[in-house]
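The opening residue of the sequence shown carries number 1 in my numbering; numbering runs sequentially from there.
Think of the hints as simulated: they come from the structure by calculation, not from any bench. A few of these clues could be false.
Stated by the list, open to error - Here are the simulated lysine-lysine pairs, DSSO-like style, with alpha carbons at most 30 Å apart:
id, residue 1, residue 2
1, K321, K92
2, K162, K386
3, K144, K92
4, K321, K386
5, K162, K144
What the hints assert, rightly or not - Derived Cβ-Cβ restraints for the label pairs, each shown as a range:
id, residue 1, residue 2, range
6, D301, N355, 19 to 27 Å
7, T409, G313, 47 to 55 Å
8, A424, P346, 20 to 28 Å
9, L420, T74, 35 to 43 Å
10, P346, L49, 40 to 48 Å
Predicted, not measured: the structure shown is a model, and the values here were computed from it. Virtual Cβ for every residue (Gly too), placed ideally from N, Cα, C.
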Amino acid sequence: MAHTGDEPLSNRERSELDELRHRVGALESGGHPQAARHHHFLRSTGSVLLILFAALLSLLSVIAVWANSIVRDTDRYVATVGPLASNPDVQKAVTNRVTDVVLARIDVNALVKQLQDAVSEKGVPPKAAQLVGNLDGPITSGLKQLVSGTVERVVSSSAFEKVWVDANRRVHSSVDKALTGEGGGAVSLKNDEVAIDVAPIVAQVKERLVDAGLGIAAKIPDVHTDFVVVQSKDIGKIKTYMRVLEIMGSWLPLIALLVAAAGVYTAFNRRHALIGAGLAVFLAMLVLGITLTVFRDVYLDHLPSGASPAAAGAVYDALIKFLRAGVRALGAVALIVAVGAFLSGPSRIAVLVRNGCRRSIGALRDVSVSEGLRLGAVGRFVHRFKRWIGVAILVVAAIVLFTWTYPTTMVVVWTTVIVLVGFAIREFLDTGPTPAAPESRTAAAP
Numbered sequence: 001m002a003h004t005g006d007e008p009l010s011n012r013e014r015s016e017l018d019e020l021r022h023r024v025g026a027l028e029s030g031g032h033p034q035a036a037r038h039h040h041f042l043r044s045t046g047s048v049l050l051i052l053f054a055a056l057l058s059l060l061s062v063i064a065v066w067a068n069s070i071v072r073d074t075d076r077y078v079a080t081v082g083p084l085a086s087n088p089d090v091q092k093a094v095t096n097r098v099t100d101v102v103l104a105r106i107d108v109n110a111l112v113k114q115l116q117d118a119v120s121e122k123g124v125p126p127k128a129a130q131l132v133g134n135l136d137g138p139i140t141s142g143l144k145q146l147v148s149g150t151v152e153r154v155v156s157s158s159a160f161e162k163v164w165v166d167a168n169r170r171v172h173s174s175v176d177k178a179l180t181g182e183g184g185g186a187v188s189l190k191n192d193e194v195a196i197d198v199a200p201i202v203a204q205v206k207e208r209l210v211d212a213g214l215g216i217a218a219k220i221p222d223v224h225t226d227f228v229v230v231q232s233k234d235i236g237k238i239k240t241y242m243r244v245l246e247i248m249g250s251w252l253p254l255i256a257l258l259v260a261a262a263g264v265y266t267a268f269n270r271r272h273a274l275i276g277a278g279l280a281v282f283l284a285m286l287v288l289g290i291t292l293t294v295f296r297d298v299y300l301d302h303l304p305s306g307a308s309p310a311a312a313g314a315v316y317d318a319l320i321k322f323l324r325a326g327v328r329a330l331g332a333v334a335l336i337v338a339v340g341a342f343l344s345g346p347s348r349i350a351v352l353v354r355n356g357c358r359r360s361i362g363a364l365r366d367v368s369v370s371e372g373l374r375l376g377a378v379g380r381f382v383h384r385f386k387r388w389i390g391v392a393i394l395v396v397a398a399i400v401l402f403t404w405t406y407p408t409t410m411v412v413v414w415t416t417v418i419v420l421v422g423f424a425i426r427e428f429l430d431t432g433p434t435p436a437a438p439e440s441r442t443a444a445a446p
């Protein structure tokens with residue numbers, strides 16, 4: 001009795017066979033090739049447009065998540081602006097601002113008058129008294145040095161860092177109002193600028209000046225003066241866009257992901273579409289990164305007169321620090337997805353890479369088995385559900401990245417490493433199909 005050797009078709013083989021039968025049936029029935037080409041063109045065009053739209057949405061998503069985090073996440077906001085307290089350029093700008101405010105509240109003429117009265121009371125000769133009256137310039141210069149040195153010591157102290165961080169934490173609830181132009185508070189938006197009230201610094205300087213012997217400083221009133229964090233004539237437009245992005249921050253990433261998935265699903269060759277989607281998002285992140293660098297120079301070139309470019313640059317870099325981190329992270333994810341889709345294809349390089357990895361892992365498994373390792377039921381289970389195990393690994397990695405609050409490039413890299421390790425373990429545990437039991441065959445007598 002002859003053995004036929006027929007084996008059931010796999011799901012993939014059955015799908016390919018059904019597709020071939022459909023195409024043969026269309027040809028035999030005298031189908032319209034022009035209509036088929038037109039349908040193919042529409043699907044391809046639709047897929048490309050969806051992928052490009054998803055890339056644009058991914059760019060806006062990064063900005064939206066950043067804007068949302070700055071407004072709603074107090075810890076993230078403090079982590080953004082906190083280091084500015086120890087930045088030399090910001091310290092210098094704050095020192096100059098507070099020094100000008102304090103000097104404007106001290107009456108130098110009154111100081112000279114007090115000195116003249118003191119000289120007259122002690123019976124100093126008239127010529128000496130006249131010389132005292134001409135000390136306006138030296139007194140002003142010395143007073144400015146005294147005030148500036150005192151302010152600088154206050155601003156560069158650890159106490160100022162604590163005041164700066166605590167103040168920013170307390171006023172964080174006003175940041176939303178500052179970005180939308182509503183309300184007041186310690187953070188305000190007026191005259192096209194976002195400013196922080198540094199009155200506590202003035203109060204500390206006033207106290208130290210009095211302790212240093214400058215009694216007239218005690219007469220300085222409570223001064224509410226602003227240190228400008230962001231200043232631009234276009235901030236009115238920027239705050240409107242920021243508000244819109246802040247509202248959409250929770251939805252844009254999901255919408256971008258769904259649009260990209262629709263673009264890949266619509267394409268005839270979905271693996272090529274997945275590669276294209278990854279590269280499109282990577283290029284979008286590259287464009288956004290370049291734009292942030294160019295916009296920095298444009299912003300600094302258009303600062304109002306009197307503003308400190310160094311301090312403004314430090315503030316800009318601090319504010320977009322986490323935006324840059326998000327750009328790098330999403331760009332890394334997109335590039336990894338594109339490379340992974342390419343290596344899963346039939347190209348010569350992809351096949352060589354896959355075969356090389358399989359042989360290496362297989363050789364390690366064979367050595368382990370020869371040393372006494374027995375995989376048994378585990379190996380058979382992994383072989384049977386190998387595809388689903390791979391899908392589960394990718395799904396878990398996607399969930400981790402998508403639910404991570406603020407993923408960085410290192411988070412993406414380590415997630416990729418863990419995924420590769422997971423696939424390597426899967427390949428190591430796959431012992432292959434169970435050998436068929438020998439069949440007893442009855443040979444017919446001639």
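Violations among the numbered hints, reported as their numbers in ascending order: 2, 4, 6, 7, 10
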